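Just so you know, the sequences run in chain order A and B.
Residues in the first sequence are numbered consecutively from 1, following the numbering used here.
Residues in the second sequence are numbered consecutively from 1, following the numbering used here.
Hint data in this document are derived by calculation from the structure and do not stem from the laboratory.
This one's a predicted model, so the numbers in the text were calculated from it and none came from an experiment.
It cannot be assumed that every hint is accurate.
Simulated restraints, written as ranges between beta carbons of each label pair [what the hints assert, rightly or not]:
#1 B:GLU446 / A:SER111: 27 to 33 angstroms
#2 B:ASN3 / A:ASP295: 33 to 39 angstroms
#3 B:MET1 / A:GLY194: 38 to 44 angstroms
#4 A:GLN113 / B:SER561: 54 to 60 angstroms
#5 B:ASN660 / A:ASP312: 46 to 52 angstroms
#6 A:GLY194 / B:LYS337: 45 to 51 angstroms
Under the rule of at most 30 angstroms between Cα atoms (straight-line distance), these lysine-lysine pairs were calculated in the DSBU-like manner [what the hints assert, rightly or not]:
#7 B:LYS34 / A:LYS3
#8 B:LYS942 / B:LYS966
#9 A:LYS192 / B:LYS267
#10 B:LYS260 / A:LYS196
#11 A:LYS192 / B:LYS271
#12 A:LYS3 / B:LYS519
#13 B:LYS260 / A:LYS351
#14 A:LYS17 / B:LYS332
#15 A:LYS81 / B:LYS520
#16 A:LYS127 / B:LYS519
#17 A:LYS127 / B:LYS520
#18 B:LYS452 / A:LYS263
#19 A:LYS192 / A:LYS81
#20 A:LYS81 / B:LYS337
#21 B:LYS452 / A:LYS3
#22 B:LYS337 / A:LYS132
#23 A:LYS69 / B:LYS513
#24 B:LYS34 / A:LYS265
#25 A:LYS17 / B:LYS452
#26 A:LYS263 / B:LYS337
#27 A:LYS127 / B:LYS337
#28 A:LYS351 / B:LYS271
#29 A:LYS353 / B:LYS267
#30 B:LYS519 / A:LYS5
#31 B:LYS1070 / B:LYS34
#32 A:LYS353 / B:LYS260
#33 A:LYS127 / B:LYS332
#34 B:LYS75 / A:LYS265
#35 A:LYS5 / B:LYS520
#36 B:LYS260 / A:LYS192
#37 B:LYS452 / A:LYS69
#38 A:LYS110 / B:LYS519
#39 B:LYS519 / A:LYS17
#40 B:LYS332 / A:LYS132
Heads up, the beta-carbon is just placed ideally off N, CA and C, and yes, glycines get one too.
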Amino acid sequence: MQKVKLVLEDGTTFDGKSFGYEKSVSGEVVFYTAMTGYPESLTDPSYTGQILVSTYPMIGNYGVPADTKQNGLHRHFESDKIHITGLVVDSYSFGYSHWNAQSSLAEWMKSQQIPGIFGIDTRALTKILRVKGSMLGKIEFEAEPIELVDPNLMNLVAQASTDTVETYGEGDTTVVLVDCGVKNNIIRCLIKRGVKVVRVPWDYDFTDMQYDGLFLTNGPGDPTMCEITVQHIRKALSHDKPIMGICLGNQLLGLAAGCKTYKLKYGHRSHNQPVLMAGTNRCFITSQNHGYAIDQQSIPDDWETLFLNVNDNTNEGIRHKAKPFFSIQFHPEASSGPIDTEFLFDDFIQKIKVTK
Amino acid sequence: MLNTNIKKVIVLGSGALKIGEAGEFDYSGSQALKALKEEGVFTILINPNIATIQTSEDIADKIYFLPITAYFVEKVIQKETPDGILLAFGGQTALNCGVDLFRQGILDKYNLKVIGTPVQSIINTEDRKIFSGILHEIDVLTPRSIACTSIEQAREAATSLGYPLIIRAAYTLGGLGSGFCSNETELNKLADNAFSYSGQILVEESIKGWKEVEYEVVRDQYDNCITVCNMENFDPLGIHTGESIVVAPSQTLSNDEYHKLRALSIKIIRKIGVIGECNVQFALDPNSEDYRVIEVNARLSRSSALASKATGYPLAFVAAKLGLGYGLHELKNSVTKVTTACFEPALDYCVVKIPRWDLGKFVGVSKNLGSSMKSVGEIMAIGRNFEEAIQKGLRMIGIGMHGFVGNRGDMEIVDIDEELINPTDRRIFAIAEAFYKGYSVDKIWEITRIDKWFLMRLQNIFHLRTNLIEYNTLENLPADLLHDAKKLGFSDFQIARIVVKSGVKDMNVESLKVRAFRKKHGILPFVKQIDTLAGEYPAQTNYLYMTYNGSEHDVSFQHDSQSIIVLGSGAYRIGSSVEFDWCSVNAVNTIRKEGFRAIMINYNPETVSTDYDNCDRLYFDELSLERVLDICDLEEPKGTVLSMGGQIPNNLAIKLHAMNVPILGTTAEKIDNAEDRNKFSAMLDQLEVDQPRWSQLTTIEEIYKFVDEVGFPVLIRPSYVLSGAAMNVVSNRDQLEHFLNLATHVSKEHPVVVSEFIENAKEIEVDAVAKNGEIVAYALSEHVEFAGVHSGDATIVFPPQKLYVETIRRIKKISKKIAKALEITGPFNIQYLAKDNDIKVIECNLRASRSFPFVSKVLKTNLIEIATKAMLDVPFEKPDKSLFELDYVGVKAAQFSFHRLLNADPVTGVDMASTGEVGCIGENFYEALLKSMLSVGYRIPKKNILISSGPVRGKIELLASARMLKDRGFTIYATGGTHHFFQENGVETEKVYWPDEEDMSPNTLELIKQRKIEMVINIPKDHTKRELSNGYRIRRNAIDFNIPLITNARVASAFIYAICKLEMDDISIKSWDEYK
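Next up, chain A with everything else stripped away, as it sits in the complex (with noise of 0.2 angstroms):
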């Protein structure tokens, strides 16, 4: 096993030894808390660029099931590749158990030549991070010395997104889904309602198609990265098509409305984040990965909160106060995480219904 370390751009440095691919790689060192799910996690688009470090410190243990498709989906993974850039834990389970792992991990990011480097105290660097805000950091083996990148500086969107327009499932149902780094699980979650989803790419200029409904992905790195998106958008809000947006698609729906976003200091990477639905007493439990925000000041006044975070207050969701307009921060779709919002969707589709 080689010896690693992963070097933060404050200098702060961290022995451990390598699992995965053997390559020392770059980019904004992040944390995210939940305890399970990281065959989804690594192939959730929203994470490229970064360096994602587990708080839950034994990963591995069920290995990675097999690459299987289903309605030209994916059924286990969130893409079609691992998008992270290294991963850090702390105890690498080397055994792994369960009926329908293919492979282990370390195997599965090494075939994709993703770095890992374990034997780091998770718990100590999160700290770090918790106080100095997320940071630029390299995973770098003794053999490969590398310079610190800035993934922020990139369009990890366009990285993340699709060349192509494709479609899924079928049904008299019309969505268009601007993929700025699209989870399948939205995808599933939409078609299993009987809907037809168009996939085009994030800068696809969509406002003259037919469709039903709109809906805004989730996707990687800074809303205002993608301006060409917001216009696309902007169009699409001066219709009544009904538009749904996640993650990224919060951000950028609320940019063409007119809010302003911000990035959080460590942001929020988790399966537990509570959200009270603005003006009731309904809390949920929701899945999160996100390192930008609305800022709850900037919402236009035909706009509303739709949710809010109970631990610090940033927004978690908006609406329109009379369109059929609404985005929300966290992952209803989950995949990883809890399911508990996944009626969102429901919603969704009911306004299509009502509009059409």
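Chain A is already provided as a structure; the job is to place chain B on it using the hints.
Here is chain B on its own, set in the frame of chain A:
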């Protein structure tokens, strides 16, 4: 929001600790009471368990030490006129009582609101038929099952479902009367037993071998739901969850599985309508996502206490607040104080729970683990990986093991396959043995169906041992390998044993060498916080554990000589239970009141002492020399308190002292003088204090010579024991030989001691506090039973009612002498024998004893508070109360759990067998006795009693009682000798035949099985445990058919006197504060 109409409530406790219902309910009840108090609600607690923290001052507003039955609860309701009642915090006892209150219309009659989950919801989860019906309405799968009310129906059900099957009795505690069967013979046997507990049994498809997973679910009145924790059993389905090693969070579940079961849990809690907390147990197919719901507990449970400790999320506290009307989002996370309680904890560590069994204490009991619970306690270990946690845990259970490997060959598991197929309390060590014998993970999995992930992790430990064993000296051991070993939870002791290899060397010395060696290499553990959010938010939490898998401490250390470390009592076991937790918590409270910081070390999840709210710092970690030294190195405390947690801390005294750890109170040297039989005896001789003649066993010949001198019976025991493990009385040469054979296996380090056994002597206890050798407070109590019944099993009266003034005077005098000679500062306990004013000392413990909470509460003088102040050397008021001034009497009675221990002989002896106790206060001895005996499950017979009075002494003792019973119109059934004796003395009895007189009728067993008898009094002939005797069969059947059993003549006559003199209505309903 808060429901302001609720101003005064009753909280039901869980009574005495028993198998299946232990200290966890002291914790949940205390939390609930704290929550209610915070909202200004007036609380009335009913709980006869006097040793609990919840029955202490300042926790509830009023406390009734009364049985938790509908009769007594109604009386309290009448008297107190409360607005509401809480049923969910006192285990199954409180729940069953709640259902009774509801069914008898008492709740309606007094317009009493049930706070939290409605009674109907409780009933829906308790009745299995209704329960599965309800779940099927929402398409949730339960095991296919057929409810039966007769054995014929059960057989039909078996035919339609197919074997293997599980049989369950409805409405029973923790799987009582349940079991697996794979053919009709087994079915008949099981069903018969199950019907003895319940009129309804369930015949179910067996899903043995599936994964067992639990979720702790919380719901508020707004329908907000969270799952606070999930837990996975190491042992697959087939072993009761209370008997299984449990891991939190689940380790082998994929995201889909985790969230599928989580979503189902929420669906279920919504359907049932719980407000507060419930627990959902699932079986999960290890080869698909198929599942079954096994059980739902609509109340706080052992698992919820574990989940609270595992996550830092105070479930009981939150559940109580939700009951009062709050929404989850309206409450704060009590660890971070800034985030909301409406969240699901993220763990960044791994928790392992391991049960503690004491099956070795019972003769005849089956050691096999199955679907009913036998363990008496549990521990929780925390680590950053599974290996670290489980190795810690295996040390914590306190059965002399040092981890997964590196144990002495004590276990000597001959047939590994048998042990793996039919697991016993030694299963985990059988897995270690299997690795030694070269078994592969696959092979062990084939046999046990324990998930391979767990087995592979255990194999990691085994492999590391293989690497270590390559080295023969510490000096050659690579630091990296040593560090790896520490990361996998190896103790210094384990490393010393594996590397040094020699069994002759003093392992304590060798372990300390490992310690010095690793300190030299900077291999040290780090202190981590449990903060509920995996570090995401800053938390000022004082809830800590230690790990070698880290690179920094989460906390800083103030070396200001203001902190005091208190060592807790570890796993509950027979002989050490909630009473030591009460002592520890009270010591902590006093330390804090005096302006010091209290640091608690303990690892028992069922306790209040491990509630981080209670101290300034909680180290949820080992009470081993190594770990205590680690903590002392970091904290540099002003002092450590070793006298509150029972024998575990006490045994560390000399070793800690040798390492220069400051010990508060009596010096380590003096503790050793009391513990070491030779030194203690020499001291007594010097003080001219009498003691039963004794001798230390070196050769068999010497023993026979000694026995010839003193005569039989003699008491045999090894030194350094708490509850008399392996202690026994032998009455003849055969028994002596038999015991000596066993005793050499018990402990090689400590010699076996033989003492003269004095029959018909009274046993008297002194619980006292001294400062610098002067007694400052004391309580003297008396056993109802004659000596020969372990003090933990004895019925104890305080203040004493039947002692000569001269006896008391002499005991006081001797106690003073001993206190002075041992220069005692702090709590101590001396046990005496008294016969005709002749006083002998049996034992002296320089620590708090089991009876401290009992005497403190009856006396209304907190002896622990005084003892702690004495140890801290701060001023305190010397109590002026004399024990003769009390106008009331307290009686402590033992709770046995024989009904859970299949085949165990339900007798009391010199070795302790009870799992818990109650203490009740009455106007006089008989009233207090009756209250406490009703509290441990005795029922007042109305018509028929079976007496088999044993030796002549017993017959004489019971003659007067029998006469009283006759006068009251009872029918007495008596076995041969007893019948004859009573007849001769003019008491008419019905003669019944012994179990082995099978052809003769009426036969005792027949009467018991037909439930014609309401109480069995069976006095064993001598003090030995005879498995197959007639007496055994009578006693065992009484237990199996749930008929109250008394096996001591003095207790029997006192009980009979009480029921003949007192009606139920004569029992006073008075709260603790009303006894003045």
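Hints, verified against the model:
A beta carbon spacing of about 31 angstroms between GLU446 (chain B) and SER111 (chain A) agrees with the range 27 to 33 angstroms that was offered as a hint. Remark: the range hint 33 to 39 angstroms for ASN3 (chain B) to ASP295 (chain A) is upheld by a beta-carbon distance near 38 angstroms. Remark: the range hint 38 to 44 angstroms for MET1 (chain B) to GLY194 (chain A) is upheld by a beta-carbon distance near 41 angstroms. Under the hint 54 to 60 angstroms, the C-beta atoms of GLN113 (chain A) and SER561 (chain B), about 57 angstroms apart, fit the expected range.
Range check, ASN660 (chain B) to ASP312 (chain A): Cβ separation about 47 angstroms, and the 46 to 52 angstroms hint holds. The beta-carbon spacing between GLY194 (chain A) and LYS337 (chain B), approximately 47 angstroms, falls within the hinted interval of 45 to 51 angstroms. Distance check on the hinted pair: LYS34 (chain B) and LYS3 (chain A) sit about 52 angstroms apart at the alpha-carbon level, beyond 30 angstroms; violated. Distance check on the hinted pair: LYS942 (chain B) and LYS966 (chain B) sit about 12 angstroms apart at the alpha-carbon level, within 30 angstroms; holds.
Simply put, LYS192 (chain A) and LYS267 (chain B) have alpha-carbon atoms about 21 angstroms apart, close enough for the 30 angstroms limit, and the pair holds. For the hint linking LYS260 (chain B) to LYS196 (chain A), the alpha-carbon distance of about 26 angstroms falls within 30 angstroms, and the restraint holds. Annotation: proposed proximity of LYS192 (chain A) to LYS271 (chain B) holds, straight-line Cα distance about 25 angstroms (limit 30 angstroms). Distance restraint check for LYS3 (chain A) and LYS519 (chain B): the Cα-Cα separation of roughly 24 angstroms lies within the 30 angstroms cut-off, and the hinted pair is therefore satisfied.
Only pairs whose Cα atoms come within 30 angstroms are accepted, and LYS260 (chain B) paired with LYS351 (chain A) is accepted, the gap being roughly 27 angstroms. Between LYS17 (chain A) and LYS332 (chain B), the direct Cα distance comes to roughly 39 angstroms. Violation of the 30 angstroms bound is thereby established for this hinted pair. With a C-alpha separation of about 47 angstroms, the suggested pairing of LYS81 (chain A) with LYS520 (chain B) is violated against the 30 angstroms cut-off. For the given pair, LYS127 (chain A) sits about 26 angstroms from LYS519 (chain B) by alpha-carbon distance, which is consistent with the 30 angstroms threshold.
Between LYS127 (chain A) and LYS520 (chain B) the CA atoms are separated by roughly 28 angstroms; this keeps the pair inside 30 angstroms, and the hint holds. Distance hint between LYS452 (chain B) and LYS263 (chain A) is unfulfilled; the C-alpha atoms sit about 43 angstroms from each other, more than 30 angstroms. For the given pair, LYS192 (chain A) sits about 23 angstroms from LYS81 (chain A) by alpha-carbon distance, which is consistent with the 30 angstroms threshold. For the given pair, LYS81 (chain A) sits about 40 angstroms from LYS337 (chain B) by alpha-carbon distance, which is inconsistent with the 30 angstroms threshold.
Between LYS452 (chain B) and LYS3 (chain A) the alpha-carbon distance is near 29 angstroms, which keeps this suggested pair within the 30 angstroms criterion. Straight-line distance between C-alpha atoms of LYS337 (chain B) and LYS132 (chain A) comes to about 21 angstroms, which keeps the hinted pair within the 30 angstroms bound. A C-alpha spacing of about 59 angstroms is found between LYS69 (chain A) and LYS513 (chain B), which places the hinted pair above 30 angstroms, so the restraint is violated. Taken as a hint, the LYS34 (chain B) and LYS265 (chain A) pair is broken in the structure, with Cα atoms around 36 angstroms apart against an allowance of 30 angstroms.
Restraint check: the Cα-Cα separation between LYS17 (chain A) and LYS452 (chain B) comes to about 24 angstroms, which is no more than 30 angstroms; the hinted pair holds. The straight-line distance between the Cα atoms of LYS263 (chain A) and LYS337 (chain B) is roughly 25 angstroms, inside the 30 angstroms bound, and the hint therefore holds. Only pairs whose Cα atoms come within 30 angstroms are accepted, and LYS127 (chain A) paired with LYS337 (chain B) is accepted, the gap being roughly 18 angstroms. About 28 angstroms separates the Cα atoms of LYS351 (chain A) and LYS271 (chain B), which keeps this hinted pair within 30 angstroms; it holds.
Restraint check for LYS353 (chain A) and LYS267 (chain B): the C-alpha separation of about 27 angstroms stays at or below 30 angstroms, so the hint holds. At roughly 25 angstroms between alpha-carbon atoms, LYS519 (chain B) and LYS5 (chain A) fall within 30 angstroms of each other, so this suggested pair holds. A distance of roughly 23 angstroms separates the Cα atoms of LYS1070 (chain B) and LYS34 (chain B); the hinted pair therefore holds under the 30 angstroms criterion. Under the criterion of a C-alpha separation no larger than 30 angstroms, the hint pairing LYS353 (chain A) with LYS260 (chain B) is consistent with the structure, at around 29 angstroms.
This hinted pair checks out: LYS127 (chain A) and LYS332 (chain B) have alpha carbons roughly 22 angstroms apart, not beyond 30 angstroms. A distance of roughly 59 angstroms separates the Cα atoms of LYS75 (chain B) and LYS265 (chain A); the hinted pair therefore is violated under the 30 angstroms criterion. As the CA atoms of LYS5 (chain A) and LYS520 (chain B) are separated by approximately 25 angstroms, the hinted pair is consistent with the 30 angstroms bound. For the hint linking LYS260 (chain B) to LYS192 (chain A), the alpha-carbon distance of about 17 angstroms falls within 30 angstroms, and the restraint holds.
Restraint check for LYS452 (chain B) and LYS69 (chain A): satisfied, since their Cα atoms lie roughly 28 angstroms apart, inside the 30 angstroms limit. In summary, the hint linking LYS110 (chain A) to LYS519 (chain B) is not supported, as the alpha carbons are separated by about 38 angstroms, beyond the 30 angstroms threshold. For the given pair, LYS519 (chain B) sits about 24 angstroms from LYS17 (chain A) by alpha-carbon distance, which is consistent with the 30 angstroms threshold. The suggested pairing of LYS332 (chain B) with LYS132 (chain A) holds, with an alpha-carbon distance near 25 angstroms, which does not exceed 30 angstroms.
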